[in-house]
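Colleague: If you read the sequences in order, they're chains A and B. According to my numbering, the first sequence is numbered sequentially starting from 1. According to my numbering, the second sequence is numbered sequentially starting from 1.
These are computed hints drawn from the structure, not numbers from a lab. Warning: the hint list may mix true and false statements.
As the list claims (entries may be wrong) - Taking lysine-lysine pairs in the BS3-like style, the calculated list, with each CA pair at most 25 Å apart, reads:
(1) B:Lys275 / A:Lys34
(2) A:Lys28 / B:Lys275
(3) B:Lys181 / A:Lys494
Claimed, not checked - The following residues of chain B were derived to be distant from chain A, with all beta-carbon distances above 10 Å:
(4) Lys2
(5) Ser41
(6) Leu43
(7) Glu53
(8) Arg54
(9) Glu90
(10) Leu97
(11) Lys100
(12) Glu142
(13) Tyr237
(14) Cys266
(15) Arg272
(16) Ile280
(17) Tyr320
(18) Asp323
Said to hold, decoys possible - Reference excerpt, derived from the structure (chain A facing chain B, CB under 7 Å, subset only):
(19) Ala461
(20) Glu465
(21) Glu593
All C-beta atoms, glycine included, are put in the ideal place defined by N, C-alpha and C.
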Amino acid sequence: MRWLKEFVTLDEMPMRAFTEAITMSGSKVEGWEKEGSEIENVVVGQVLKLERHPDSDHLWICQIDVGAGEPLQIVTGAQNLQQNDFVPVALHNSMLPGGKKIKKGKLRGVESNGMLCSLGELGLTQHDFPNAIEDGIFVLGDDCDHTLGKPICEAIGFDDTKVEFEITSNRPDCFSVIGLAREAAATFDKELHLHTPVVKGGHGDCTPLLDVKIEEPDLCYIYSAKVVKNVRVKPSPRWMRERLRAMGVRPINNIVDITNYVMLEYGQPMHAFDLRYVDDATIRVRRAKAGETITTLDGVDRKLTEKQLVIADAHKPIAIAGVMGGEYSGIMDDTTTIVFESACFNGSSVRTTARDQGMRTDASARYEKGLDPNNCLPALERACELVEMLDAGDVMDGVIVDDHSSKERHRIHLDVDWINRFLDTNLSADEMKATLTKLDCQFDGDDILVPTFRPDLEHKADIAEEIVRFYGYNKVPGTSLNGGAQGKYTPRQKFLSKISDTMFALGASEIMTYSFISPKYYDKIRMPADSPLRKSIVISNPLGEDTSIMRTVALPSMLEVLSRNYNNRNEAAYLFELASEYIPTTEDKLPVEKATLVVGMYGNNADFFTVKGMAEQLLEKLSVTDYDIAASSEEYSYHPGRCAVLTIGGQRLGVIGEIHPEVAENYGIDERVYCFTLDVDMLFANAKTDKTYTPLPKFPAVTRDLALLCDDAIPVLDLEKAIVRGAGNLLEKIKLFDVYKGAQIEAGKKSVAFNIVLRSSDSTLTDEQTNRVMKKVMEELEKVGAVLRS
Amino acid sequence: MKQKLEEIRANAARELAEASDSQALESLRVKYLGKKGEVTSILKQMGKLSPEERPVIGELANKVRAFIEDDLTKRAAELKAQATQKRLEEERLDVTLPGKHRELGVKHPLSIVLDEIKEIFVGMGFDIVEGPEVEYDYYNFEALNIPKDHPARDTQDTFYINENILLRTQTSPVQVRVMEKQKPPIRIISPGRVYRSDAVDATHSPLFHQIEGLVVDKGITFADLKGTLETFVKRLYGEDSVVRFRPHHFPFTEPSAEVDVQCFNCHGEGCRLCKGEGWIEILGCGMVHPKVLSNCGIDPEVYSGFALGMGLERVVMRRYNIDDLRLFYENDVRFLKQFG
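Only chain A is shown next, with the shape it has when bound in the complex (with noise of 0.2 Å):
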């Protein structure tokens, strides 16, 4: 917040208050956190007196001047101090981070009255106080308030605020301070301080140092270089070691840390580099060569493409271009002449490298979003001027500079009645120009000069969006859709609501799972290697094999939660899915989308009968009558003696069947499963939808009973059909009541008895007319085999 506050002067303010109004105008906070909060009652001494403990030959006990009353005697096992050192004393009942508590105590029987802290202690590195020790009593440097009894955190400035932004995509440049103080200004109105560096220079022209090209303008837009020599490394001062603390970025000496803070404040990444590892004083940028080779500076080799930009000098890449670095670029202890880079490169060039040689880095991550090219000389300048700031070395005059970037501001038409419309509005173009200047527009007449760190916006909604969101979103009203649209389901999202209420009905629930499987589940559905579907569509970067193919049939994501059931000991699962299945079609066209029922079940002494009757009942719902079933031992997924495939038309309908005892071992299901599946558009195209009205009967039926004997084999579906046959329109109805096999009937056959009911619609049948007819049904009883027992 320090930093952000230099560049605009925000009132003070709660936290909460500023962190609302700034998401509220779409610079949203994730989350904010004052530093040191969780350090309390520490503050600053001095150490009067250092004494040896008698009884221990490591501690000391020391008397600790805290600016109050009479001085703290405090015992500890630390050998840095000396007498005069400024040190943090945890007081009695202070608070360390992580919850630590310090009480007064007593060590080998002396007294001590607190705690000396070291750096670990308070939650800070030797990164953070390079003059301090890790291991020993954080004794406090030039660079810390001296003044006893003062907080700690306030004495070596560990009290910012860290404020964590969601930045958006589209605005990379509010990936800096800057471009988040011109947001907070534009949010609270107040004018934004921007400061254009100095540099004071003098020390030769930089200009015939280094020859720079750029080979490829079309992946690098600018770049810039100037040159610093004499150059004197070591730490940076408290004010910047802090803010980068802030940042998150760990401070390392005054030129990594420059780099680092012109990239946070001005959001430009920087490079630094060693001058006598340029060979030939040459750079180029260009793409690197089939074959070359570069060690980063995490030093790892890696390969380069033709397709990668590098930075390179007379014979090799020393960078991957908005990537990172080459290991004998970076700054050495010898190093005397540094060369500081600001370019700017395509973001998808950048994005691609990166992702290719998979590390993102702060520069990339920037750089990929698309960076404004006119930031680089600016940020150049900033560098140079820290560098004269910090006294780390001597800056040459003049920059090294390719520029092919356009220093054009695109142009928007202010069409104020457009945007009021649009947006239910009723703002002045006054204004709607005086938010667009906040946020750095300038005007032609009528026509937006969008600045050029503002690539997103190009079109007159950009701009409409940029006025209401400092308007407030939450200002404009609400209204109505006018029309009367009339919304509704579709005859086949009803015919799908139909299945499931079905189900319910039937007692079965509804599943989800994923539409990916394992190739492997297959092989556990018995699918020969030959199968047809055994082509699935396949995910190129799957998350793993068990997701890595889309569904060709969705049996076995059913069989899987029903094993997961009674892996858990559920006792019974009924259970369905309206699934996709999804089928290839040719390799650049997109699959059939295939939508199924799959119904399964075990426990609750579910038999085939149990998934046949389910299967029944729900096509009679459905209204689906004209359907065929057969007996099939070809499916490989089920028992062969208990499974029977549907068919309308002679087209495959579905299956209903008990799952192959192998198939349930594969799923670990020790019990029998019972399983139908049902071709969901085919049930919807047989539908039968008109239905009309048959009178009640008027004359009493008959009713007749049949006890038939025969072979074993005979399905007793043809019998039934035989009786239809016979019976002709005056069927009413026919009702299996026995099949029995076992004493008394012949080895290989069967009795089957039927209750037929029959009826005529506009008469009493007579006792003649009745033995007529099922004179006829034995005739064609007797055609498919069956006899009357007798």
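For this one, chain A is given, so just place chain B on it according to the hints.
Modeller: Below, chain B alone, put in the same frame as chain A:
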């Protein structure tokens, strides 16, 4: 004979009073009134009587008969009442024993809330359309103003099938498909599955559901967007919910907003549920970007519109206080049965 009749009457009255069930009553009826019954046989003997006696005895016999019949009826009614009473007493049940349950299936919690959301939008005049999950890069990104190498692609880690085909990362491609096919006015929502390569944990899933919304017509304003979504949020979360629109960025809308609803728990004070913010983000929206309209062949100078997108899982998790996203896709029946 007269005396005989009086005797019969007395006997019948006594025996009837003693009869304890309908069978006994029936045998008494036969005994007295049956074809060979005592009263009947008296009547049969009438022929032997003198003409003077005949009417007297006849009348008496008929009286006795009527008397017995009447007694029979009364006694039958009494016995029936007694039997009923007895049966009712015997049939007393412990009505606190549990009822017999027919197994009912339940809707998946995601479907429950999704159906509710659909109802709200259908009520506001929206149709429901679906789009493919395996989608062209063009519809998922390019037509939505997200060209190749656009930084926004970073935030949506995409599963690719090949260079041009992917698993959609959002339901927004349906916007483009609808606009290509249908001329305004357009008012649709499109719920469905979307995919992002996030490893599975309590709050991430590589597959989740979104609901897309799109309105395009002449004169659609930012205020219409606000009004429509305010109505939606109030229908979903209750009339007293407080909604705010916060500027955000989506490549395919401009201006863009995220919609927050004030935390139901702390009413904006900030608590653990809303991570101290006082607000809970529920959806993203914005005015359809003019480039997107042009890409679909709709003239942005004539038409405008708004779009919205929301994640379903988070809404459902908050509704039922579910703390682990994985439960939705594990489908343990003990989980599913809690919501139906």
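Colleague: Please go over all the hints and tell whether each is borne out by the structure.
Modeller: Here's how the hints hold up against the structure:
Taking the CA atoms of Lys275 of chain B and Lys34 of chain A, the gap is about 17 Å. The hint holds against a cut of 25 Å. A distance of roughly 14 Å separates the Cα atoms of Lys28 of chain A and Lys275 of chain B; the hinted pair therefore holds under the 25 Å criterion. Between the alpha carbons of Lys181 of chain B and Lys494 of chain A the distance comes to roughly 23 Å, so the proposed pair stays at or under 25 Å and holds. Separation of Lys2 of chain B from chain A is adequate, the least Cβ-Cβ distance of about 54 Å exceeding the 10 Å criterion.
Look at Ser41 of chain B: its CB is around 43 Å from the nearest CB on chain A, clear of 10 Å, so calling it non-interface holds up. Remark: the non-interface label on Leu43 of chain B is consistent with the geometry, its nearest Cβ contact in chain A lying 42 Å away (cut-off 10 Å). With a minimum CB-CB distance of about 54 Å to chain A, Glu53 of chain B clears the 10 Å threshold, and the non-interface call stands. The non-interface label for Arg54 of chain B is consistent with chain A: the shortest C-beta to C-beta separation is roughly 50 Å, beyond 10 Å.
Listed as a non-interface residue, Glu90 of chain B keeps its Cβ farther than 10 Å from every Cβ of chain A; the least gap is roughly 32 Å. Non-interface status of Leu97 of chain B relative to chain A is upheld: no Cβ of that chain comes within 10 Å, the nearest being about 21 Å off. No Cβ of chain A comes within 10 Å of the Cβ of Lys100 of chain B; the nearest lies about 14 Å off, and the non-interface call holds. Here Glu142 of chain B stays apart from chain A, with its beta-carbon at least about 14 Å from theirs, past the 10 Å limit.
For Tyr237 of chain B, the condition that its CB be more than 10 Å from all CB atoms of chain A holds, with the nearest at approximately 15 Å. For Cys266 of chain B, the shortest C-beta to C-beta distance to chain A comes to about 14 Å, beyond the 10 Å cut-off, and the non-interface label holds. Even its closest Cβ contact with chain A, about 14 Å, leaves Arg272 of chain B beyond 10 Å, as expected for a residue assigned away from the interface. Consistency note on Ile280 of chain B: stated as away from chain A, and its beta-carbon is indeed over 10 Å from all of that chain's, at 14 Å minimum.
With a least beta-carbon separation of about 15 Å from chain A, Tyr320 of chain B lies farther than 10 Å from that chain, consistent with its non-interface assignment. For Asp323 of chain B, the shortest C-beta to C-beta distance to chain A comes to about 18 Å, beyond the 10 Å cut-off, and the non-interface label holds. The interface hint given for Ala461 of chain A holds, since its Cβ lies 4 Å from the closest Cβ of chain B, which is under the 7 Å cut-off. A cut of 7 Å between beta carbons decides the hint on Glu465 of chain A: the least distance to chain B is about 3 Å, and the hint holds.
For Glu593 of chain A, the suggested interface contact is upheld, since its CB lies about 6 Å from the closest CB of chain B, less than 7 Å.
Against the hints set out earlier in the document, no violation occurs for any number.
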